[in-house]
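Listed below are the residues making up each chain.
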Amino acid sequence: MSAETLHNIKLFAPEVCLTLFLCLLFIVDGLIPKSRTNKVPMMVTIIACIAAVLLTCKVGTTSEAYFGGMLVNDGLTKFFRYFFFFTAAVSSYVAFGSSEIENRSRMEFSLLLICTTIGMGIMAGATHLLVLYMGIEMVSIISFVMAGFKRDNLRSNEASFKYLVFGGVASGLMIYGFSLLYGLTGSLNYPQITAYLSSTQGNLGLVFWLSLVLIYGGLAYKISAFPMHFWAPDVYEGAPTPVATFFSVGPKAAGFAAFLRMVLTVFAAKTAEGNWQMLPGISLTSAIAVISALTMVVGNLSAIGQTNVKRILAYSSIAHVGYMLMGLVTLDRSGLTAIIFYLIAYCAMNIGAFWVVGVVSNLRGREDLDAFRGMGWSMPVLGTCMGVFIFSLTGIPMFSGFIGKFLIFGSVIKSGGFLWLALLGVLNSVVSLYYYIKILKSMWLDKPEIAESLTLSPYHAFGLVGLAIPTVVLGLYFTPILEFAERTLSNIL
Amino acid sequence: MNQLIQFSSSLQGYLAVGAILFALGIFCVMTRKNAIGILLGIELILNAAGINFVAFSKFRTGLIDGQIVALFIMLIAAAEAAVALAVILRFYRLKQTIDADEASIMRN
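Protein chains in written order, with the numbering used here: chain A, 1030 to 1522; chain B, 20 to 127.
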């Protein structure tokens, strides 16, 4: 093996490590007896994720393209790798505390989860259209299986079926868009595509815009942005709650990573001050602003009439994508720092909120608002944690969600030009308060139909408190995260 | 006739076939009620992209990368079909139908 190959593999080490653990898991599965409380796959997943995080620390100091320019290892990749490995570890912890993931299929769940995580890592680092496509498909196809994990449940099957049809069409649109872009620019590599696009000086024909729309269709599906958002509520509702928890954070952030990288490195170029500027003739900022506005409005307005809490959270996760996209219209460092902070805050609070829903649905067998009645009084820890997550999702001061929104709206206002968007964002936050508060009202103000004594297992309490603490702390003390985000952005290739 | 033969071996000819396949695929996905029909529509879309890649690689760049992409697209299509058939089969076991309109317990 040549020295260069070895060096490339070293840069790819986190994903390689996960692949090795995947193989290990197969072997372990054969060796251990099938007992009723089998937590070994979870342990292996968490250890794999920790090992991958450590390896990311190790390779993350350099900033270079590898495997012939197909993947890139820079600040953005590093940040998203940390993010995905953390999400995967937490999701497997959530899944193994839930009765929705049956004991006999826990091994398969862990395998699929690790596979998806590898795909997400590839998506974040891809600077080649084929590699990006392979990464997206690796995540999507496995997600279809995960959505239908409750095999004998009709809802779960329906979720899987809908996810598959929409996913197949969206990725088909995207690859057709890629083929047009390839024909136009003559290359699959991001740097070469950018070179071609800037050499045309903005004289781009209809084909370019058509390919852009098609590619957006595929990426919008992954991040569930308007107009490809409609699958999210159905899939999240039908899929097992731990799987929905994972979908609403992991693959979504992976799509966001691909989207960010594509906008920033293909259609924009870095300026001397470390900000970005759209290539001549391709000004996408207004388009992104409109998409962001529509995504927020559609997400929030659709959530209002819902009674199923999982559906409410699904619509809210659509609205949050709208807020995050808002940070991209400024194309400067403050906006992107805000996006990264928002992603971190969103990860903790959204996993937490879905987790609470999962716990309640395990107890009651359903997850509509009535199932939450009086839960706050019978399980104070659960109720308090849910309060923290919901306040943070709404964006009430003192919680991390507020700081995230404040940074994003602040950067949009500071850059000028998109004041209406910031205003719309604030209005949307106010609207969202209405449906979020319904959940808390049900938990704390409504009396339960029958008095019952419920206890929250220490397993869940540990995890929920572990997510609630950063949600509160990041709302009060957030400088280290901002510095981390600044460092992340300082070396995007 | 000569013109037709010339057209059929030009870049435009291949792109036309690709575009027609793509349009048929979209039409198929939108109008079919049968799950297998929808799946076939998706395959048509993917293969339209494959044809485009091969044609561009032959006539536009002269490099082999487009053809490799076409191979990968076939691979992905096969993987997707395998998962899709499994999902449809399970759906059929539970509902005794593969009509996509029947997948409607969850509505707003």
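If you're looking for bench data, these hints aren't it; they were derived computationally from the structure.
The beta-carbon is built from N, C-alpha and C at its ideal position, and this holds for glycine as well.
It is possible that part of the hints are untrue.
With a straight-line cut-off of 30 Å between C-alpha atoms, the simulated DSBU-like cross-links for lysine-lysine are [unchecked claim]: (1) A:1179 with A:1299; (2) B:52 with A:1179; (3) B:52 with B:114; (4) B:114 with A:1179; (5) A:1476 with A:1443; (6) A:1299 with A:1087.
Not close to chain B: a few residues of chain A, all C-beta gaps over 10 Å, as computed [claimed, not checked]: (7) 1041; (8) 1158; (9) 1188; (10) 1266; (11) 1456.
Coverage of chain B stretches by chain A, computed from C-beta distances (three or more under 8 Å per stretch; other residues unrestricted) [stated by the list, open to error]: (12) 78–86; (13) 112–122.
Going down the list of hints, with the structure as the test:
1. At most 30 Å may separate the alpha-carbon atoms for a hinted pair to count; residue 1179 of chain A and residue 1299 of chain A exceed this at roughly 47 Å.
2. As the CA atoms of residue 52 of chain B and residue 1179 of chain A are separated by approximately 25 Å, the hinted pair is consistent with the 30 Å bound.
3. A hinted pair counts as satisfied when its Cα atoms are at most 30 Å apart, and residue 52 of chain B with residue 114 of chain B qualifies at roughly 15 Å.
4. Distance restraint check for residue 114 of chain B and residue 1179 of chain A: the Cα-Cα separation of roughly 15 Å lies within the 30 Å cut-off, and the hinted pair is therefore satisfied.
5. About 46 Å separates the Cα atoms of residue 1476 of chain A and residue 1443 of chain A, which puts this hinted pair outside 30 Å; it is violated.
6. For the hint pairing residue 1299 of chain A with residue 1087 of chain A, the CA-to-CA distance comes to about 27 Å; that is within 30 Å, so the pair holds.
7. Distance to chain B confirms residue 1041 of chain A as a non-interface residue, since its nearest Cβ pair spans about 18 Å, more than 10 Å.
8. For residue 1158 of chain A, the requirement that its beta carbon stay farther than 10 Å from each beta carbon of chain B is not met, with the minimum near 8 Å.
9. For residue 1188 of chain A, the shortest C-beta to C-beta distance to chain B comes to about 7 Å, within the 10 Å cut-off, and the non-interface label is violated.
10. A beta-carbon of chain B is positioned within 10 Å of the beta-carbon of residue 1266 of chain A; the least distance is around 5 Å.
11. Consistency note on residue 1456 of chain A: stated as away from chain B, and its beta-carbon is indeed over 10 Å from all of that chain's, at 22 Å minimum.
12. Residues of the region 78–86 of chain B lying with their CB closer than 8 Å to a CB of chain A number 4, which satisfies the three-residue condition for coverage.
13. Under a criterion of three residues with beta carbons nearer than 8 Å to beta carbons of chain A, the stated coverage of the region 112–122 of chain B is upheld, 4 such residues being counted.
Hints 1, 5, 8, 9, 10 from the earlier list are contradicted by this structure; the remaining hints agree with it.
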